[in-house]
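The listed protein sequences correspond, in order, to chains A and B. The letter at position 325 of the first sequence is residue 325 when you use our numbering, and the numbering goes up by one with no holes. The letter at position 25 of the second sequence is residue 386 when you use our numbering, and the numbering goes up by one with no holes.
Keep in mind the hints are simulated off the structure, nothing from the lab. Values in this document were obtained by computation on a predicted structure and should not be read as measured data. Where hints are given, some of them may not hold.
Stretch by stretch, here's where chain A covers chain B in the computed footprint (C-beta under 8 Å, at least three residues) [what the hints assert, rightly or not]:
#1 467-475
#2 592-605
#3 632-642
Going by beta-carbon spacing under 10 Å, a handful of chain A positions derived as facing chain B [claimed, not checked]:
#4 Leu164
#5 Trp173
#6 Asn281
#7 Leu294
#8 Gly295
#9 Leu297
#10 Ile307
#11 Gly314
#12 Val341
Positions of the beta carbon are idealized from the N, C-alpha and C atoms, including for glycine.
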Amino acid sequence: MAIEPRRVAGPFARMRMSASWRSDRSELWRYIGWRLIQLAIVLIGVSVVVFFTMHVLPGDVAMLLLGDRGTAEQLAKLRLQLGLDQPIIVQYLRFVVAAAHGDFGTSLTSNRAAFADVSGAFPVTLQLTLAALTLATFIGVPTGVFASLKPGRIFDNVAMTFTLFGVSMPIFWLGLMLLLLFGATLDWLPIGGLYGVGIEPPRVTGMSLIDAALAGSPSIFWDALRHLILPACTLATVPLAFIARITRAEMMATATQDHVRTARAKGLPRARVILRHVLRNALIPIVTVIGLQLGLLLSGAVLTETIFSLPGLGRLMVDSILSRDYPVVQAGALFIAFVFVLVNLLVDLSYTLLDPRIRRA
Amino acid sequence: MTLAASHPPFAATKQRWYAPVARVLRRHEAKLGLAIVLGFLFLTVAAPLLAPYDPYDQELSSALSPPSAHHLFGADQYGRDVFSRVLYGSRTALLAIVVADGLALVLGSALGLVGGFLGGAVDALVMRMVDVLLAFPYLLLALIIVAALGPSLTNSMIAIGIVYTPQYARLIRGQVLAVRALDYVRAARAIGTAPWRIMLRHVLPNSFGPVIVMATLQAGSVVVETAGLSFLGLGAQPPSPDWGALLADGHNYFLTAWWIATFPGLAIFGVVLGFNLIGDALRDQFDPRRRT
Chain A
1 MAIEPRRVAG PFARMRMSAS WRSDRSELWR YIGWRLIQLA IVLIGVSVVV
51 FFTMHVLPGD VAMLLLGDRG TAEQLAKLRL QLGLDQPIIV QYLRFVVAAA
101 HGDFGTSLTS NRAAFADVSG AFPVTLQLTL AALTLATFIG VPTGVFASLK
151 PGRIFDNVAM TFTLFGVSMP IFWLGLMLLL LFGATLDWLP IGGLYGVGIE
201 PPRVTGMSLI DAALAGSPSI FWDALRHLIL PACTLATVPL AFIARITRAE
251 MMATATQDHV RTARAKGLPR ARVILRHVLR NALIPIVTVI GLQLGLLLSG
301 AVLTETIFSL PGLGRLMVDS ILSRDYPVVQ AGALFIAFVF VLVNLLVDLS
351 YTLLDPRIRR A
Chain B
362 MTLAASHPPF AATKQRWYAP VARVLRRHEA KLGLAIVLGF LFLTVAAPLL
412 APYDPYDQEL SSALSPPSAH HLFGADQYGR DVFSRVLYGS RTALLAIVVA
462 DGLALVLGSA LGLVGGFLGG AVDALVMRMV DVLLAFPYLL LALIIVAALG
512 PSLTNSMIAI GIVYTPQYAR LIRGQVLAVR ALDYVRAARA IGTAPWRIML
562 RHVLPNSFGP VIVMATLQAG SVVVETAGLS FLGLGAQPPS PDWGALLADG
612 HNYFLTAWWI ATFPGLAIFG VVLGFNLIGD ALRDQFDPRR RT
């Protein structure tokens, strides 16, 4: 068997490393640039979908603004003011320019700027989503790891049965059942809202936990935390189940590979083999799945906020659709899509840091 | 003489068309899933025979009465029998699977087939459309479509169908790209067969297997999402007996009448579990990496 001669670090070694590092970095920047171009194309597509979907509606914004009270003359005047007499392409371009400046018009229900309503509700959704994702990751990954260690044994069977239940559970039903059990029957946790009655710390970030912490009162923080537990657990259920299942599957697939067998043959401690050789190599698909949960979480947040009466973006969107408040629907839809696409980009870029082979592909 | 007769060893190893399905059904969880799904289909057909009351019948004297021999799952705020409404709700769920999953399958297959087969600018256009649709969290896209079309059961099913279209389009495009390079497709091209005929007669049937598996996998999700839209008030409207709408009723009364929300939720959970059990078994069967 031919043995490759050992490379001796010579005077050019540092130069070689530096060149390779520079080439890696330029590849990374090229990849980021390409992904940003793709992002721009997708965002243009998203704005087209949002704008034209709202223009499929019978009637127009002027009719909605005036309601039944408006005369034909008033309607014509308002249409002129709003530019609705212009060709649809001109209207779209004006919409895009205004949207780029955060101007989506005025909410028909709150009379505030539509974007102000959306950005005001977003921190509630963000906090809920982050809390659920943290729970799902910190419970899901260890569950998957432990289940993979002894497949077919009792812990694996119990964990996989629970994850199967988790992915099959309609979260709007689970939320109600948790409310019924822990809120109404046992009276351990509050049944909705961000804070208890009469408690409202000054709004700084819009995220109840952070605002409560900034208020400097442990009792307010504890109250905000108690209000977050049930919604976060409800929203975390489905992603947790997915993360646990994919972690188990990837761990089992990686554990049979040659480098793991070599690590075991070298006599490395079991924990080190599992953490350094198996889990680390199984991480990319796991991170992918964790990243993919964002869509699930943002969708689930709509239902969770409705059940737990949280004033988040999901609930605002549903209320706006039901009250035909289209400026808010447009602002909310574009905002969520923008956040979603941006986070997906960041998740994609994180793979390139975890595995350089991806950007060379 | 037939080819099989002249090559007995090949004839001996020839698989029946149902062999993969039989292999899937050897698994206990697949059997359980199939039993649940068949039970669900039976209930949709037999609902009028099994339901003790008309799902719309109001009996105000029984309003909010708990489960009893009279009302097996209790009664709602108008005294309507929850058991009968849950039974009839299975029909809406089945309708949602057929319409929403069917729409996604047809639209997605058409897009994926045309894009994958024609390639070039058409493919690029189709794939950018798919990317744009995937740029929305799925329920948000459904909300936007319902906002445009107006809240109703039909519109919510159309919305869910559109939401799932990109997944089918991507899947079938991948299949088509593989199939169109095969010899029999090239042979069909060489003898001058019309492109549409090659697409429909040669490429589509040979690309369709995984799509059917995906349709089964998605059926449970379609039930949950249609019910979710109804729960939000954007799908089936009162007084229709829809599981999501029943849950929304239960939400308003959950402190005093737990049974209104509990049983429709259990029904959704059961059906989704059934489809997921079958889906898991199918995935294990058709994914070689999982099979090992």
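Here's how the hints hold up against the structure:
With a cut-off of 8 Å between beta carbons, the stretch 467-475 of chain B has 0 residues touching chain A; three or more are needed, and the interface restraint is violated. With 5 residues bearing a CB less than 8 Å from a CB of chain A, the stretch 592-605 of chain B meets the requirement of three and the coverage assertion stands. By the rule of at least three residues with a Cβ nearer than 8 Å to a Cβ of chain A, the coverage given for the stretch 632-642 of chain B holds, with 5 such residues. Checking Leu164 (chain A) against chain B: minimum C-beta separation of about 6 Å stays under 10 Å; hint holds.
With 10 Å as the threshold, the beta carbon of Trp173 (chain A) comes within range of chain B, its nearest partner Cβ sitting at about 3 Å, so the hint holds. With its C-beta approaching chain B no nearer than about 15 Å, Asn281 (chain A) sits outside the 10 Å limit, and its interface hint is violated. Below 10 Å, beta-carbon pairs count as interface contacts, and Leu294 (chain A) has one with chain B at about 8 Å; its hint therefore holds. Satisfaction of the interface hint for Gly295 (chain A) is found here, the shortest Cβ-Cβ separation to chain B being roughly 4 Å, below the 10 Å cut-off.
The restraint placing Leu297 (chain A) at the interface with chain B holds, with a minimum CB-CB distance near 8 Å, inside the 10 Å limit. The criterion of a C-beta within 10 Å of any C-beta in chain B is met by Ile307 (chain A), whose closest approach is roughly 7 Å, and the hint holds. Checking Gly314 (chain A) against chain B by beta carbon gives a least distance of about 8 Å; that is within 10 Å, so the hint holds. For Val341 (chain A), the shortest C-beta to C-beta distance to chain B is roughly 5 Å, which falls under 10 Å, so the interface hint holds.
Hint compliance for this structure: hints 1 and 6 are broken, all remaining hints hold.
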